[in-house]
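Participant: All residue numbers for the sequence shown refer to my numbering, where the first residue is 6 and numbers rise by one.
Note that these hints are calculated values from the structure, not bench results. Certain hints may be false.
Label-pair ranges, simulated between beta-carbon atoms [unchecked claim]:
| id | residue 1 | residue 2 | range |
| --- | --- | --- | --- |
| 1 | Lys313 | Asp268 | 25 to 33 Å |
| 2 | Gln312 | Asp37 | 21 to 29 Å |
| 3 | Asn341 | Asp95 | 49 to 57 Å |
| 4 | Gln93 | Glu292 | 30 to 38 Å |
| 5 | Ser133 | Arg94 | 28 to 36 Å |
| 6 | His349 | His163 | 49 to 57 Å |
With a Cα cut of at most 25 Å, we get these calculated BS3-like pairs of lysine-lysine [what the hints assert, rightly or not]:
| id | residue 1 | residue 2 |
| --- | --- | --- |
| 7 | Lys201 | Lys260 |
| 8 | Lys260 | Lys25 |
| 9 | Lys389 | Lys348 |
| 10 | Lys260 | Lys85 |
| 11 | Lys389 | Lys25 |
| 12 | Lys169 | Lys201 |
Positions of the beta carbon are idealized from the N, C-alpha and C atoms, including for glycine.
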Amino acid sequence: MSNGFDFDQEINRDGTSSTKYDGRYSMFGRGDVIPAWVADMDFAAPPAVTQALMQRAAHPVYGYTMFSDGLYEALIVWIKHRHQWDIQRDWIVMCPGVVPSINAAIVALTQPGDGVIVQPPVYFPFFSTVTQASRCLIYNPLRIENQQNNRYTIDFDHLEQCAKNARFLLLCSPHNPVGRVWFPEELGRLLEIAEKYNLIIFSDEIHADLIYASNRHYPLAALSNNTTKIITAVAPSKTFNIPGLNLSALIIPDKSTRNAVKDIFSNLHINPANPFSIVAFEAAYREGEEWLEALLVYLRDTRDAVQKILYDHLPEIRVTPIEGTYLMWLDFRAWNMTDAQLKHFFVHQAGIGMSPGILFGAEGSGFMRLNIAAPRRVIDGLLKRLLCFNKSEFRVKR
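Please model the entire structure based on the sequences and the hints provided.
Facilitator: What follows is the structure, given as structure tokens:
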């Protein structure tokens with residue numbers, strides 16, 4: 006129990022058409038693994054969100070819906086309060102999730118064959134949104150700055166070389182899966198390169214509210230003197246555990262850029278307005294802050310506990326220090342397994358369903374992504390399964 010919110014409550018999600026739970030068999034070939042893969046949380050959404058949804062459901066007509074003034078106001082106030090960024094209502098484009106928005110932006114603002122920079126290991130839909138739009142992927146891999154703690158940084162010298170042949174940059178901030186919260190100095194250097202080479206930047210900031218103490222998220226556009234070519238994606242989905250409601254927002258200060266993106270959605274006749282997603286969006290941003298603060302304490306304690314247990318009992322597993330998100334990036338390369346062997350071990354021996362690092366690009370080979378947004382007892386059970394194979398034949402001994 007944390008400030009009245011029970012994050013230790015175990016909620017049975019089986020049979021709810023949950024991708025994370027009911028999709029286990031199709032993903033792992035068995036339905037009984039502890040699911041720690043899909044990036045949603047096993048916690049109940051904030052009470053204010055549930056109450057808003059119940060109140061709306063009580064009205065028996067679920068017709069076509071428009072975005073309310075309150076929704077825009079709630080987002081503007083939240084961004085100002087949490088991130089000290091003043092945005093205007095005209096800048097906001099409501100959209101059906103971040104991944105479709107990336108695709109819409111790429112199609113709207115680039116031409117077939119244009120280069121799009123990605124920074125692997127990175128959220129894997131970044132790759133397909135580029136290739137499916139017939140654009141060319143340009144890889145600017147993150148580099149491990151400190152071999153002792155696997156902390157990642159941007160390779161700016163290489164980025165500048167990439168920028169010479171690119172039109173568009175996909176930035177993940179905070180970064181999924183490595184958990185970096187970029188410093189303003191890093192973002193400033195990135196902006197300098199983008200300005201020099203006339204790059205358009207799509208900044209995916211949907212994890213921006215999941216930041217641990219001593220770190221701070223800086224919206225990229227808030228640091229720039231020229232926001233003409235910056236698109237920022239935000240959403241309450243990760244923050245308040247409502248990703249299934251499929252509603253996010255793009256913040257696009259430049260009118261021509263904004264209209265170009267809006268035209269793509271309009272041409273496809275996509276209307277993301279939904280009577281339930283709208284009320285949840287507004288309620289989360291208006292009344293969810295106390296719940297979020299309690300959540301961050303709970304996630305921090307879980308993160309620290311996982312790090313300590315692995316350090317004490319399996320020190321050869323390097324844990325990348327996560328500054329934000331609830332996704333931990335674990336380095337198993339010392340086990341000398343192929344990616345196929347690593348996945349087989351976790352699924353069929355340990356019974357743990359994590360996301361294989363190789364999904365996030367070749368730089369993720371030998372890694373696994375662990376979702377820790379679950380009751381502590383679930384995470385403890387997962388670790389016990391891992392530790393019981395400490396001396397098994399499936400693990401390379403030190």
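Participant: For each hint, tell me whether it holds in the structure or not.
Facilitator: To see whether the hints hold, each was checked on the structure:
Roughly 51 Å separates the CB atoms of lysine 313 and aspartate 268, a value that falls outside the hinted 25 to 33 Å. Restraint check, glutamine 312 to aspartate 37: a C-beta distance of roughly 27 Å satisfies the suggested window 21 to 29 Å. Checked against the hint of 49 to 57 Å, the pair asparagine 341 and aspartate 95 passes, with Cβ atoms roughly 55 Å apart. Range check, glutamine 93 to glutamate 292: about 23 Å between beta-carbon atoms, so the 30 to 38 Å window is missed.
Between serine 133 and arginine 94 the CB atoms are about 32 Å apart, so this pair conforms to the stated range of 28 to 36 Å. Take histidine 349 and histidine 163: their Cβ atoms lie about 34 Å apart, and the range 49 to 57 Å is violated. Restraint check: the Cα-Cα separation between lysine 201 and lysine 260 comes to about 22 Å, which is no more than 25 Å; the hinted pair holds. Between lysine 260 and lysine 25 the CA atoms are separated by roughly 38 Å; this puts the pair beyond 25 Å, and the hint is violated.
The suggested pairing of lysine 389 with lysine 348 holds, with an alpha-carbon distance near 18 Å, which does not exceed 25 Å. Only pairs whose Cα atoms come within 25 Å are accepted, and lysine 260 paired with lysine 85 is accepted, the gap being roughly 21 Å. Proximity of lysine 389 to lysine 25 is assessed by CA-CA distance (about 21 Å); at most 25 Å being required, the pair is judged to hold. With a CA separation close to 9 Å, the supplied pair lysine 169 and lysine 201 stays within the 25 Å bound.
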